[in-house]
Structure formats: C-alpha cells, structure tokens
Amino acid sequence: MPELPEVQTVLTTLQPRLLGLRIERVEVFLEKIIKSPHPREFVAWLQGRSITGLGRRGKYLLLELDGTHLLAVHLRMTGRLVYSNPDTPRDKHTHLVFYLNNGDELHYHDLRKFGTMNLMLIDEFAAFCSQKDLGPDALDPDLTKELFEKRFQGRRGQIKKLLLNQSLVTGIGNIYANEILWRARIHPERTVQSLASVDMEELYRAMRSVLQEAVAGRGTTLRDYVDGEGNPGSFQSQLAVHGREGEPCPECGKEIIRLKTGGRSAFVCADCQPQTKRSEV
DNA sequence: CAGGTAGCCTGTTAGC
DNA sequence: TGCTAACAGGCTACCT
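Numbering-wise, the first sequence is residues 1 to 281 according to this note's numbering.
Incorrect hints may have been included.
What the hints assert, rightly or not - Derived DSS-like pairs (lysine-lysine); straight-line CA-CA distance at most 25 Å:
id: 1; residue 1: Lys161; residue 2: Lys132
id: 2; residue 1: Lys277; residue 2: Lys150
id: 3; residue 1: Lys260; residue 2: Lys161
id: 4; residue 1: Lys132; residue 2: Lys150
id: 5; residue 1: Lys145; residue 2: Lys132
id: 6; residue 1: Lys150; residue 2: Lys35
id: 7; residue 1: Lys145; residue 2: Lys161
id: 8; residue 1: Lys113; residue 2: Lys132
id: 9; residue 1: Lys277; residue 2: Lys161
id: 10; residue 1: Lys277; residue 2: Lys145
Hints listed in this document are in silico derivations from the structure and should not be mistaken for laboratory results.
Kindly generate the complete structure, drawing on both the sequences and the hints.
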C-alpha cells in the first residue's frame, strides 16, 4: 500500500499526537508482524519508553524511543497505524495495540498481514538500511539530479522496474512509478540504456514534482490507505494514468492502456510515452 | 543477467 | 444471485 507520500502523511498526522507520550504497555495479537527482536523482547523493550521523535526513510516509518531505540514500521500493502481512543473497537485485523500514558492507543491494523516491525538501537539503523540495501529517499534534498542520474548509470533493464527498486532510490511504488513515467513522457518498458541524459533529467523532475504534489494531497487512497487519524488521502483525484485504463490521457486525450510488466500493472498513454527514443519519433 | 512467477494474506470485483 | 478467478499499492526467493 503506502508509498512515500502516504507514509509521510501518516508521519505528519501522528507526530503532534504521539510526541512526548510514553508507551505503557503493548499487546501483540499477531506475532509474525514482529521481525526483530523476538516478540517477547520486543514487548519488553518497548514498555515504559517515551516517543522522542518520528521520522521516515522511503516507505519505513520510524519511531524514536528514549533517544536510544528505533521502531521501524513498514506498512507494505494494507498496513495502517492509527491513533485511537480507548473506546475505538478493535477488529480482527488489529494486530498490535500500543497503550499510551494519556489513556489513548495506537493501533496497528493490517488486512493482508504483510507489514513488518523491527525494533533496534538507533546505532543499528545504518546497518539495517544497508542490509535492506536502501538507496537515498526519493525526496531527500541531498539527492541532486546528478546523484540521481549516477545511481542509474551502469544499470540495465526496464526503467519502471528500476524505479521500483528501493536500492536505487527508496519510496516509489507502483502508483507513483506509473505517474512519474507518464509525467516524464517515458514508456515503462524503455531500458535505462536507451534513455538519454535529457530523459533522466525529465525523470528526476517528474519524480520530485509528482511526489511533492502527492504529499500535498495527503496521499492516494484507492482502497485501504488511511493516515494516522484514520482519514483517506485525496491525491487519487489527481492521478493522470494509474487505474485509468480506457479513460482519456489528460494531456492528449488518447485512451490510456494497461500493460503488464514485471508482474505489475503499468498504465500508459501510448502517444505521450512512445517506446522509441524522443529523437527517433 | 533480465525477466517472469509464486508466495505471503484477505477482501473486492469482474465475468460467467 | 451465486460461484470462481483475477486482482490489489510491497517485497523476496526462486526459476528459466
């Protein structure tokens, strides 16, 4: 589910509510969500710790505890982290509840149970990222156009697959990959080697602008996504191509088609995103 | 090595 | 209406 804009929205909605609160108790209803440490220690380590900061790296939401520990939450497809009142009912998909010292709760809800949590020392986070081979965050101010292009140099394969590869740049998923490629006027099946420098420049610009606009729109809710307060996003109304098979391209009016590449749906305007190089058209 | 598929899960939807 | 199959935003392991 959530890609960079959605995780960012969860972060900004949770931050003012959670900051400074203490986790009194943790109840785990589905242990498989907890990847490390062992669920027993996970609970013991968390209890009594204060939330001293919130952050994000790609699609990981980060809770800093006591300034020493870090809880990395990945929502995968259908995970939700929602600030809740004690009278909020817990349904069968609520797998973890954090009881807070002000009487409120933080609920982890996940229909498909793909989400993960890793608790670690802050010092271990760099090793965690390199073990997961996470590239720079797609909205990292330090990720310049030049650095972005460099990361794709020497790589092979279809550009869409590489955009989804979190080791090159982290935070982009299927929705925004489709939107970014449309805005950059690049066909998803073009290979990186076939892209000129101007194409990579367009791609970088499209990546930044699409993601920034999606953050401003509080993310995209197609089905399951809600923010830290349980509210859906609004960017779905601004999607140009994703999920819009058969609708007209907002740019040229030609019908949007759906392709299958890399096992994922790609939505394309065949006119705006030609398979050949720009100069050859 | 690039590309494809299956698997992890459950619910919704398209098609018969 | 009821049933079945395909599909859904992520990521990994494994196959060709």
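Cross-check of the supplied hints:
For the hint pairing Lys161 with Lys132, the CA-to-CA distance comes to about 17 Å; that is within 25 Å, so the pair holds. For the hint linking Lys277 to Lys150, the alpha-carbon distance of about 20 Å falls within 25 Å, and the restraint holds. The suggested pairing of Lys260 with Lys161 holds, with an alpha-carbon distance near 12 Å, which does not exceed 25 Å. Using a Cα cut-off of 25 Å, the hinted pair Lys132 and Lys150 holds, with the two alpha carbons roughly 20 Å apart.
The suggested pairing of Lys145 with Lys132 holds, with an alpha-carbon distance near 24 Å, which does not exceed 25 Å. At roughly 33 Å between alpha-carbon atoms, Lys150 and Lys35 are farther apart than 25 Å, so this suggested pair is violated. Among the hinted pairs, Lys145 with Lys161 is consistent with the structure: their alpha-carbon atoms are about 19 Å apart, no more than 25 Å. As the CA atoms of Lys113 and Lys132 are separated by approximately 20 Å, the hinted pair is consistent with the 25 Å bound.
Between the alpha carbons of Lys277 and Lys161 the distance comes to roughly 18 Å, so the proposed pair stays at or under 25 Å and holds. The suggested pairing of Lys277 with Lys145 holds, with an alpha-carbon distance near 21 Å, which does not exceed 25 Å.
When the structure is compared with the earlier hints, a violation turns up for hint 6 alone.
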